[in-house]
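In the order they appear, the protein sequences are chains A and B.
Per the numbering used here, residue 8 is the first one in the first sequence, and the count goes up by one each step.
Per the numbering used here, residue 6 is the first one in the second sequence, and the count goes up by one each step.
Think of the hints as simulated: they come from the structure by calculation, not from any bench.
Careful: at least some of the hints might be erroneous.
[To be verified] These stretches of chain B come out as covered by chain A in the derived footprint (C-beta under 8 Å, 3 or more residues): (1) 183 to 197; (2) 320 to 333; (3) 347 to 357.
C-beta: ideal position from N, C-alpha, C; glycine also.
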Amino acid sequence: MNEILMDKNNLTLGNRLRAFAASFGLPRLIIAAFLLLLFIAAPFVGADFWTQISNTINRFSWNAILVLAMVPMIHSGCGLNFGLPLGIISGLLGATLSIEFGFTGPISFVMAVAIATPIAILLGALYGWLLNKIKGGEMMIATYVGFSSVSFMCMMWLLLPYHSPTMVWGFAGKGLRTTISLEGFYDKVLANFLQVNIGNLSIPTGTLLFFALLAFGMWAFLHTKTGTAMTAVGSNPTFAKAAGVNVDKTRLLSVVLSTWLAAIGILVYEQGFGFIQLYMAPFYMALPAVSAILIGGASVNKATIANVIIGTFLFQGIVTMTPTVMNNMIHMDMSEVIRVVASQGMILYALTRKTEAAK
Amino acid sequence: MKEKNMGKKLLSLLQANSVPVTFVLICAVCIPLSGLSVSYLLNEIVTRMGRNIFLILALLIPIMSGMGLNFGMTLGAMAGEIALIFVSDWQIWGIPGVVLAMILSIPISVLLGAFCGKILNMAKGREMITSYIISFFTNGLYQLVVLYMMGPIIPIKHFSIKLPRGYGIRNTVSLLNMRQCLDNLLAIKVGGVKIPVLTFLIIALLCLFIVWFRRTKLGQDMRAVGQDMNVARDAGINVERTRIISIVMSTVLAGFGMVIYLQNMGNIATYSSHSQIGMFCIAALLVGGASVEKASIGNVFLGVVLFHTMFIVAPKAGAAITGDSMIGEYFRVFVSYAVITVALIMYETKKRKVKSQMAQQLAQEQEAENE
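This is chain B alone, in the form it adopts within the complex:
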C-alpha cells in the first residue's frame, strides 16, 4: 500500500514538473550538439542570472494575489527605461546613476501600476489578456512621450541621446559609462567564471523581502484574495485595494529589474527593449515549474538556468542539426511561446475541472432524470 503510494507520488511529481523535466532533456541534447565550452556556458548563464532574476521575481507578487501572470510588467520596464533616459541625459554615471534611475523609476512605476491595477479590477477573471493589452496600450503612450514629448515638453539637453530632428530619443541610448557597474563592483572570478556578487546580493535581498512579505498582514491578505475574492471580502479585506497594491509592487520591482537588466546590457534599445521582456520573463518562470496560480523563488532560479541554457545553445545546436542557424533562432522563440501556451492550457483545464465539478454533477443528475 505504502509502496504504491510512493510510486504514485513519484509519478505525480514527474507529472507536476513535466515542463522542467522536458527542458532538462532539451538542454541535455542541445549542449553537446552546440559545441560550446563549459566555461563559456557557465559564464553566460551566470551573467544572464544576474541580468534577469530580479525582473522575474517581480512576477511573483501578482501570482500570489491570484491575478495570474502579470504581462503588465512591461509597464515597469518602460518606467525603468524612462528613468535611465533622464539619468543619462543628466550625465550621472556609475553607481549613483543606477541608484538615481531606480529612485526616479518609482513614481512612474507607481503611477502606471495603479492605472494597470484599476483597469484589472474592472476586468476580473480575465486579468491576463487585459494586462497583455495594457502593455500594448502603454507602449503607445510610451512612444508618445519618448518620441514626441521628450525635447519640446520634457527638457532633454544632451544631443547624443536626442534625434537629429530636435525632439524624440534616438533608437539606442548608450549607457557605456554605467555598463555593468553594479556587476563589476565586488565581482569575483571563480575558475574563469565572473560572478557579479553585488547583483546577487541585491537579488538575495529581494528574495528575503519576498519571504518576509508573505508573512506580513498585507501578504496574507493577498494570498486570501488569491484564494477566493468573495471569502476575502467577507473577512473584511479591501479586495480592490489589495489587488492594486500587488500590481503596483510588481511594477515597481519590474522597474528596478529593468535598470539592473539595462546596466548589464550597456545600452537601451529605446523602442524595443521592453517589448519582449514580459514574454521572456514569463516563459523563464514557467520553465522553472511555476504555474499561473503558484510560483516560488525556487521556480525563478531553476527557470532562469534552464531557459537561458536553452536560449544560448539553441541557435548553435540548430545550426549543427539543420545547417541553418536561423532554425535555432526560430526554435527558441517557438519554445518560449509554446511553454506559455502549455502552461496556460494546463491552468485553465485544472481551473475548469475544479469549478465545473459541481455543475457537471448536477447536469449528470439532470440527464439521468431526463432519461
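Bound conformation, chain A alone:
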C-alpha cells in the first residue's frame, strides 16, 4: 500500500516536474513534494492525520496576515519587506498599551488594533520616506531598520512607564516581561469565533475569516486606480512616472500599508498563540514571512494573494509536520535544520533570479 502510494506520487511528480519546473520553479516543487510526502507519511508513522491538518490550519491562521503584509511592497517595487519588525513593533505597542489602559476581553483586541494603527501609519510613513531616499538598496536597509528598531525597543520596554501588574516584572514593579500571557485579554478571541470542531479536526473560523477579509480588501485595493498605479510603479517606474503617477507617494503608501498589515498581523498571531513576546522576539520574524511568500510562488517583484495562501500553507505545513513525522520516522529531530535550509534556500533562490531589472 505504502509503496503503491509512493510510486503513484513519484509518477505524477515526474510529469509535473517537466510541465511546471520552468514556470513554477524547482525549489517550490521540491518543497511542495516534500510536504505532500510528509502528509502521506504521517499516518504510517503514527501521527494523527486530522490533528496534523488542524495544527497546520491553526498555524496558517496565525501567520497568514504577516505574509500578506509582504504584498504591497512587492507590488510597488520596494522588494521583500525585511523591515517587517518595524510593523510588528507598532503592533506590540498597541497590544501593551491596550492592556496598560485596562481593557480586557475582546474589547482589548479592538483597542489594540485601534492604538496600533496610528503608530504603524506614523512609523510606516517615516520608513517609506527613508526607502524613497535609497531606491535600489531597499532590502538591505530594510533589514537593518528592522534590527535597529527592535534593539531600540528593547531599551524602551524597560524604560517606558508601564505599570499594569500583569505585564511588568513582579519584583521590580517596572520594565515589561519578556512574555506576557493574554489570558483574560484577547487570547483566541478570533479563533473561538464560530470555531468548528469535528473529531480531531478543529478550524479557527474567526481568524480565517479575518484573514479572508483583509486578503479580499488587499485584492480589491490592488484593482482600484491607486492599486493599479502601485503595480505600474513596481513593474516600470519610468513608465508610471510618464503616465502621471506620483512614484514616491505610491511607494510611501505601499510601505505604510505593509507596516500596518504587519502590526495587525502580529496582533492576530498573538491572539492565536496566547502570548505577547517582547524584546528580541520580533528580531527574525521577517524571514519566515519572506520565505513563505516566496515558496508560494512570488518573486522579488511579483506577488498575488494566491501566493500568500499557498506559501503560508506550505511553509507552516512543513514547520508543523517535520518535527512529528521526522521524530517518529528516524528518531532524530532535524526539523530545525530542514526549516532553516528550506526557507533560506528559497530566499536565496529568489534573490538570484534575474527577473528584476536593476533600478
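Keeping the supplied structure of chain A fixed, place chain B upon it in accordance with the hints.
Below, chain B without anything else, positioned relative to chain A:
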C-alpha cells in the same frame, strides 16, 4: 578664497568622519561614568584588538572589489570552528593545534567561499542582502554537519566534545589547552598591560600582505572590477572569476581570524560563536570611518578601539545612568545595528545621487518641455 576652502575642507572632513567623531563623544561621556580604571580598560582594549582585528581585516578585500560588506564572512568563521573541533578531537594542543586548525580551515573556507562567490555573481547589485541570507543558509548546513553528521558519518572519537546521545557536538567545546597560546607566546607587559606581541605580529603581516596585494595584478583587477564591472570586462578582466577570488580570500582570512579569536576566548560556543561575529566586525569597521565602498587598514584599527571601548563601558555606564545594567547591554546592541543602518543609508543615498544625476537632468528637461 584659500581660507574659505580650508574651512570647507575641515567641515567636509568632519562630515566624512561623523561616525568616528560621534563614537569618540560617546566614549568620552561613558568612560568616566562607567568608573572603570584606566589600566583595566587598556588591558581589555588590547586583548580585544588582538582578538578581533584579523577578522575585521578579512572584510577589506570584498570592499575593494566592490562587493560591499561581506556578511558572508560568517562562512569563514564556521570553517574555522569546524577545523578547531577536529583539532580538539585529535587532542592536538598549543601552537601546533592552532596552526593545524588554520591549515584545516583552508579547504573548507575555499569551498564555502567559492559557493558564496558563485551565488553572489548571480545576484549582482544586491550582494549584501544575498551574502546576509547565505550566512543564514550556511548556518543551517553547519548545524546539519555538526549536530547530526559528526559522529556517525564524520568520525569524532573524544567523548568530551560529543553529545551524550552519541552523535553531534556539545554546545561548548573547551579549548583550555590552547587558550591564549598565541597571545602568551612572546607576550610582554608594559605598565600592567599585557601585549600579545605574536598576535600583533601576525596582524602586522596580514596588513603588509594587504598593502602588497593591492599593488599586484590581481589586486588592481579587483579595484577595477569594484570601480565599474563593464569597463573592467572591456579591459579583458574576467569579472566573475575576480569576484569569486575576492570572496574566497575573504572567507579564508575570516577562517584564520576565527581560529585566532577562539584561541583567545578559550572555548567554542558551537552553535552561536559565529552567528554574531559578522555583525560585530562590520559594525567595528564602520565605526572606524569606513564606508561600504571604501575601507582602509586605518579604519580597522580606529574602529576596533572605538567600538570595543564603547562595548566595554556601555553596560556600566548604562547602569550608572538608569540603575539597570540591561539598558547598557541593549544600548550597545542598538548602537551596533544603528551604525550599520546609518552607513548603509549614507552609501545608498550617495550611490543614487551619482547614478541618477543624469536621469534627473533628463527628467527635468522633459518636465520643462511638458510645461
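Could you work out which of the previously given hints the structure breaks and list their numbers from low to high? 1
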